[in-house]
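J.: Letter by letter, the chains look like this.
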Amino acid sequence: MTDHSESIHSQQSGHPAEHIESDERTRSLTWLARVAGVTLSTVSLGFVLLLLVVIESGGELTLITRPFLMQVVLTLPYLIGFLTVGTTAGAVLAWWHRYWSRRVRIHHTLLAVLGLGFSWQLVRLGFITL
Amino acid sequence: MQGVEQGVLDLDEDVNRYLDDSEVTVPETYEEPVTLRHLGTHTAGFESAIDPDVVADWDAIVPLETVLVDQMPPRVRPPGELVGYSNYGAALAGHIVAEAHDTTFEEYVQSEIFEPLNMTHSTFAQPVPDDSPGNIAAGHTRDGDGFQTVDTVYINMRPAGSMTATARDLAAFMRVHLGAGTVDNRRVLQTDTVRVMHDQHHVRHPAVTNWRYGFHEYGHPDAGVLGHSGATVHFSSHLVLVPASDVGIFVNYNSNSSEHPPPGTVIDEILAVCGLQSSSTEPTPTAQPGSRERAETVAGGYSLSSLPQSGPLQVIDVLEHVSVEPAAQNRLRTVTLAGNTRQWVETDPYVYHEVDGNDVLAFEVRDGEVERMYMASEPTGVYQPVPAHERQLVTGSILGVSLAGFGLSLAGWGRQCARQTWKQYRTETDSVTEGEHTE
Numbered sequence: 081m082t083d084h085s086e087s088i089h090s091q092q093s094g095h096p097a098e099h100i101e102s103d104e105r106t107r108s109l110t111w112l113a114r115v116a117g118v119t120l121s122t123v124s125l126g127f128v129l130l131l132l133v134v135i136e137s138g139g140e141l142t143l144i145t146r147p148f149l150m151q152v153v154l155t156l157p158y159l160i161g162f163l164t165v166g167t168t169a170g171a172v173l174a175w176w177h178r179y180w181s182r183r184v185r186i187h188h189t190l191l192a193v194l195g196l197g198f199s200w201q202l203v204r205l206g207f208i209t210l
Numbered sequence: 010m011q012g013v014e015q016g017v018l019d020l021d022e023d024v025n026r027y028l029d030d031s032e033v034t035v036p037e038t039y040e041e042p043v044t045l046r047h048l049g050t051h052t053a054g055f056e057s058a059i060d061p062d063v064v065a066d067w068d069a070i071v072p073l074e075t076v077l078v079d080q081m082p083p084r085v086r087p088p089g090e091l092v093g094y095s096n097y098g099a100a101l102a103g104h105i106v107a108e109a110h111d112t113t114f115e116e117y118v119q120s121e122i123f124e125p126l127n128m129t130h131s132t133f134a135q136p137v138p139d140d141s142p143g144n145i146a147a148g149h150t151r152d153g154d155g156f157q158t159v160d161t162v163y164i165n166m167r168p169a170g171s172m173t174a175t176a177r178d179l180a181a182f183m184r185v186h187l188g189a190g191t192v193d194n195r196r197v198l199q200t201d202t203v204r205v206m207h208d209q210h211h212v213r214h215p216a217v218t219n220w221r222y223g224f225h226e227y228g229h230p231d232a233g234v235l236g237h238s239g240a241t242v243h244f245s246s247h248l249v250l251v252p253a254s255d256v257g258i259f260v261n262y263n264s265n266s267s268e269h270p271p272p273g274t275v276i277d278e279i280l281a282v283c284g285l286q287s288s289s290t291e292p293t294p295t296a297q298p299g300s301r302e303r304a305e306t307v308a309g310g311y312s313l314s315s316l317p318q319s320g321p322l323q324v325i326d327v328l329e330h331v332s333v334e335p336a337a338q339n340r341l342r343t344v345t346l347a348g349n350t351r352q353w354v355e356t357d358p359y360v361y362h363e364v365d366g367n368d369v370l371a372f373e374v375r376d377g378e379v380e381r382m383y384m385a386s387e388p389t390g391v392y393q394p395v396p397a398h399e400r401q402l403v404t405g406s407i408l409g410v411s412l413a414g415f416g417l418s419l420a421g422w423g424r425q426c427a428r429q430t431w432k433q434y435r436t437e438t439d440s441v442t443e444g445e446h447t448e
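Just so you know, the sequences run in chain order A and B. All the letters of the first sequence, read from the start, carry residue numbers 81 to 210 under our numbering. All the letters of the second sequence, read from the start, carry residue numbers 10 to 448 under our numbering.
Derived from the structure by calculation, the hints contain no laboratory data. The model shown is predicted, which means the values in this text are computed figures rather than measured ones. Glycine residues also receive a C-beta, built at the ideal position from the N, C-alpha and C atoms. If a hint is listed, it holds; no wrong ones were tucked in.
Far from chain B by the CB rule (all over 10 angstroms, computed), these chain A residues: (1) 152; (2) 166; (3) 181.
Listed next, the stretches of chain B that the computed footprint assigns to chain A, with coverage defined by at least 3 CB atoms under 8 angstroms from CB atoms of chain A: (4) 59-70; (5) 322-333; (6) 418-425.
Whole structure, please, built from the sequences with the hints as guidance.
T.: Listed below in structure tokens is the structure:
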């Protein structure tokens, strides 16, 4: 009986140890969401720049013969797709659990929308095969 | 066609019948089978791919059968429906010839065409054997005001783009077609066979260029000129036959056609100078009312069926979309991203002739909706309407806004990080200063 009431108490007001664990989990989730957003922006811009650099230096032929560097570049769209999923999940969680300030949440949501649009076009242009 | 003469091959037989001893089998995606007539007119319905499996190293060349098994594209439409140029289809036809004669394609062509025609400098062998006569031309690419040579590349999906020859040898090949199958009393095709090859085998639209066997009509649809272009990464060529005038023209550059006007430009000039192609005249507008409404019906974006529909090369399809818009005086205007703008006059309902040119544009319209657009100068494919959400403007806008947003976001983060670092630095500096004062 005592164990049971403790359990209810713990669920309602939270054990200090669980508070710490929950805070760490939240911190880790918010950190992951922010990292996904920053990495999504960086990799997306990096993909376009690298693609242009490789085609400029090796010619259009590189899209056909696919030297090692082009093979690396062509894996980035899949990473972008993965990061878009992460950023979008982060945005949903942020509104659900009220992480961050409203301004940061809007910023993160905009990034997720941009990521979804960019990934859609990567699928449309054949860089991502579903 | 030699196989057809011998009764070994039939243009209307299911190609799988010739592949019993081969690992290649065309899947039965549609009820109608793929035939050699479909392969010779690029109407088999395979998804088109620009890349005929170009490899940078000759030791990456594998047997044709392996390439055909490993790289079989999906069948995306019933055979005979519409043209979509397919290197795979050409390679499959080559493999069928080899299977029917129990040899390889390279050996068959060498013994049955090149040797009888004394085409001593021609081969499909890759790399070209060291003991072959003559010197091999190097491909070139533009380098500032000049050109520089490039490394040789090889093509796995032969016979597509993999023949090495000289202009003199190509002249012999053209003479076979102009001379009803013979050159200097050496016959490689019967007269009737040449006639059959030069007959129409697939009609895209009566008003535009259509397909003969292995050749398409070239230039003005009524001119009776046949042709076929060729291009690899660093070479471009065009071959044209004018059987009525006993003229053949072959133009080849050892550089890509993006580096200069395409070989067809030179051919057009030769045809014009020799009076073999009617010069452009001011088209007469149709007397049928409703031109404006028809121009509005056909307005929109169009994509060519011979361009890739999957993989990273699909970007070429998006870049090559043609936009059709109504213009003043009931004309049409076509615009491409590369800046090629042309005006067209409607001469018959849904048939338009180019202003200051010989090109013809025709639309197939059903129930007020465009199903296809045909351009005489693009015989390798058929244009199909592009849905609004797939148009260049939508793609460009989304990509542009996304990249701008990502850039601004990173800049914002950078600024925030810099501000925090500065604040931290100031706090630490202030606390150290305070500490010194206290001491």
